[in-house]
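Note that the sequence shown covers residues 1 to 83 in the UniProt record's numbering.
In short, the hints are calculated from the structure, not lab data. Just so you know, even glycine gets a beta-carbon here, dropped at the ideal spot from N, CA and C. Treat the hints with care, since some could be wrong.
As a list, the in silico DSS-like pairs of lysine-lysine whose alpha-carbon atoms are at most 27 Å apart [stated by the list, open to error]:
1) Lys16 - Lys62
2) Lys80 - Lys19
3) Lys57 - Lys16
4) Lys80 - Lys13
5) Lys62 - Lys19
6) Lys13 - Lys62
Using C-beta positions, here's what the derived DEER-type ranges look like [what the hints assert, rightly or not]:
7) Asn18 - Gln79: 21 to 29 Å
8) Ala5 - Ala38: 19 to 27 Å
9) Leu73 - Ala31: 16 to 24 Å
10) Arg76 - Asn18: 35 to 43 Å
11) Ser61 - Lys16: 25 to 33 Å
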Amino acid sequence: MTQTASVASQVRKLAKENKVTAGRDGISRMAVSITHLAGDVVELDGIEQLLVNLKRKGILSKSEILVLQGRYLQERRAQKRSA
């Protein structure tokens, strides 16, 4: 993956190539329910859910998704500052 393309576009491309969607499976829905019951709110956007699903399919390793998510969050913060 090139550094010039946004992380979001890189993740979308990788997901499309591997036929991975951003849909939540039963485990993801259960995790959201447990989190809400604990009084916390964690909302993954589409890119973050794609990262989770790419990891579950074995396409990305845990360390790879951590790096990509870190870069993605930095990009989002930079976009918010410039808006």
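Each hint tested on the structure:
1. A hinted pair counts as satisfied when its Cα atoms are at most 27 Å apart, and Lys16 with Lys62 qualifies at roughly 19 Å.
2. Between Lys80 and Lys19 the CA atoms are separated by roughly 30 Å; this puts the pair beyond 27 Å, and the hint is violated.
3. A threshold of 27 Å between alpha carbons decides the hint, and for Lys57 with Lys16 the separation of about 13 Å falls inside it, so the pair holds.
4. Distance check on the hinted pair: Lys80 and Lys13 sit about 23 Å apart at the alpha-carbon level, within 27 Å; holds.
5. For the given pair, Lys62 sits about 19 Å from Lys19 by alpha-carbon distance, which is consistent with the 27 Å threshold.
6. Straight-line distance between C-alpha atoms of Lys13 and Lys62 comes to about 19 Å, which keeps the hinted pair within the 27 Å bound.
7. For the pair Asn18 and Gln79, the beta carbons lie near 26 Å from each other, so the given range of 21 to 29 Å is met.
8. Restraint check, Ala5 to Ala38: a C-beta distance of roughly 36 Å breaks the suggested window 19 to 27 Å.
9. In this structure the supplied range 16 to 24 Å holds for Leu73 paired with Ala31, their Cβ-Cβ distance being about 19 Å.
10. Remark: the range hint 35 to 43 Å for Arg76 to Asn18 is contradicted by a beta-carbon distance near 23 Å.
11. As the Cβ distance of Ser61 to Lys16 is approximately 20 Å, the hint placing it in 25 to 33 Å is violated.
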